[in-house]
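Each protein sequence line maps, in turn, to chains G and C.
For the first sequence, our numbering gives the first residue as 35, with consecutive numbering after it.
For the second sequence, our numbering gives the first residue as 391, with consecutive numbering after it.
If you're looking for bench data, these hints aren't it; they were derived computationally from the structure.
Incorrect hints may appear among the rest.
Which bits of chain G does chain C cover? Going by a derived footprint, with three or more residues having C-beta under 8 Å, they are [unchecked claim]:
(1) 46-56
(2) 77-83
(3) 88-94
(4) 147-153
(5) 157-163
Computed from a predicted structure; not experimentally measured.
Where is the CB? At the ideal position from N, CA and C, for every residue including glycine.
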Amino acid sequence: MTKKTKLLLGGALIMVALAYLINSGIREAAVYYMTPSELKAKGDAASDRSLRVGGMVVPGSLHWEPQTLKLTFRLTDGKEEVAVEHTGSPPDLFKEGAGAVVEGRCVSGGAFQSSMIMAKHSEEYKPPEKGGASAEHIHRTLVQPQRTQP
Amino acid sequence: MVQGAMIGRGCERALGILTVIGLVIGLYIAFVYAPADAVQGEVQRLMYLHVPLILISYLAFFVVFVASILYLWRRDRQYDAIAHSSVEIGVLFTALSIAVGSIWGRPTWGVWWTWDARLTTTAILLLMFLGYLMLRALVDDPSRGATFCAVLGIIGFLDIPIIHMSVVWWRTLHQPASMLRPGPSTVALNMQVALYANLVAFGLLYAYLLIKRLQIERAREELLRLQMELLG
Chain G
35 MTKKTKLLLG GALIMVALAY LINSGIREAA VYYMTPSELK AKGDAASDRS LRVGGMVVPG
95 SLHWEPQTLK LTFRLTDGKE EVAVEHTGSP PDLFKEGAGA VVEGRCVSGG AFQSSMIMAK
155 HSEEYKPPEK GGASAEHIHR TLVQPQRTQP
Chain C
391 MVQGAMIGRG CERALGILTV IGLVIGLYIA FVYAPADAVQ GEVQRLMYLH VPLILISYLA
451 FFVVFVASIL YLWRRDRQYD AIAHSSVEIG VLFTALSIAV GSIWGRPTWG VWWTWDARLT
511 TTAILLLMFL GYLMLRALVD DPSRGATFCA VLGIIGFLDI PIIHMSVVWW RTLHQPASML
571 RPGPSTVALN MQVALYANLV AFGLLYAYLL IKRLQIERAR EELLRLQMEL LG
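Using the sequences and the accompanying hints, generate a full structural model.
Rendered as structure tokens:
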């Protein structure tokens, strides 16, 4: 293969990748996740399609079973709530009252079946409060599994 | 003439030393002076690499944008050399910033990569300027290659405002801007110091690399000219 054909091949590859990104990536990225309200409004039309839902984890809704790795919680956008079921451990920053985006499918009549959880963090950065727990400690408590319900 | 060259070399050397000092101070401030983040802990220190790298690559592509316009207008090879050199550094910095961002994303978000608007538009930026470098190598006629690349360089730069606004226009996993934003910064003061120190250090590194890269370009043209002279 000459240098020119190699470069042409490489160039074509980049063009195809760019076209793919612009076509599917941007369109998909523009509606990166749905809010619980939007999901509710869609009703059955959204069922059994793979999609992303984003919102805040409702405080008190998080349940974790260490034996089965089953994680259930509710996501809210302040108006509607969506129940989510997930198997596996969530990312470190995932916690009640924090933002999260879940990927999975909606089962009609049931909870949203999540195959992946992503934690969303804010653009605020600050040291731990004076007298409060150290960053290391906070980090530890985030990683620690939630207590199982008696 | 000779004296001017010596002064130039002295300045270049001073810039090189300043860059090394800046990077060492930047590292010290990032690891020792700045506190760990309350929510993310130590891993948040990756911000002091991730943010300066991408901001300096914006600067590099802005230089490409201006130099490309000047080349199309004046047709001076010097502007083309600046654009070409700046693209190479910009591509390096963008790729590094994406790599660091990915390493930061895994422990915080839980994923190495996701197709949200911020990440997708940044990937497009990297691909466009990789295409620029390929196009440069592909076109045999240097002046035609320079013209094509100048057009691509201008178009490529236009992606940067889109990247910047992506977190405002669309829903993303990536958090909104904490520095280039209206209103007060959302970053604690001593963390801002670490960001700005590293921004300056990487700015110096960019300037130094650009000077070095332009020297290579000049040497290459000199070599071509000598070859032409010898071969007739």
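Okay, the hints, checked on the actual structure:
1. 46-56: holds (count 6)
2. 77-83: With 0 residues in contact (Cβ-Cβ under 8 Å with chain C), the coverage given for the segment 77-83 of chain G is violated.
3. 88-94: violated (count 1)
4. 147-153: holds (count 4)
5. 157-163: holds (count 7)
Violation of the numbered hints given earlier is confined to hints 2 and 3; the remaining hints are satisfied by the structure.
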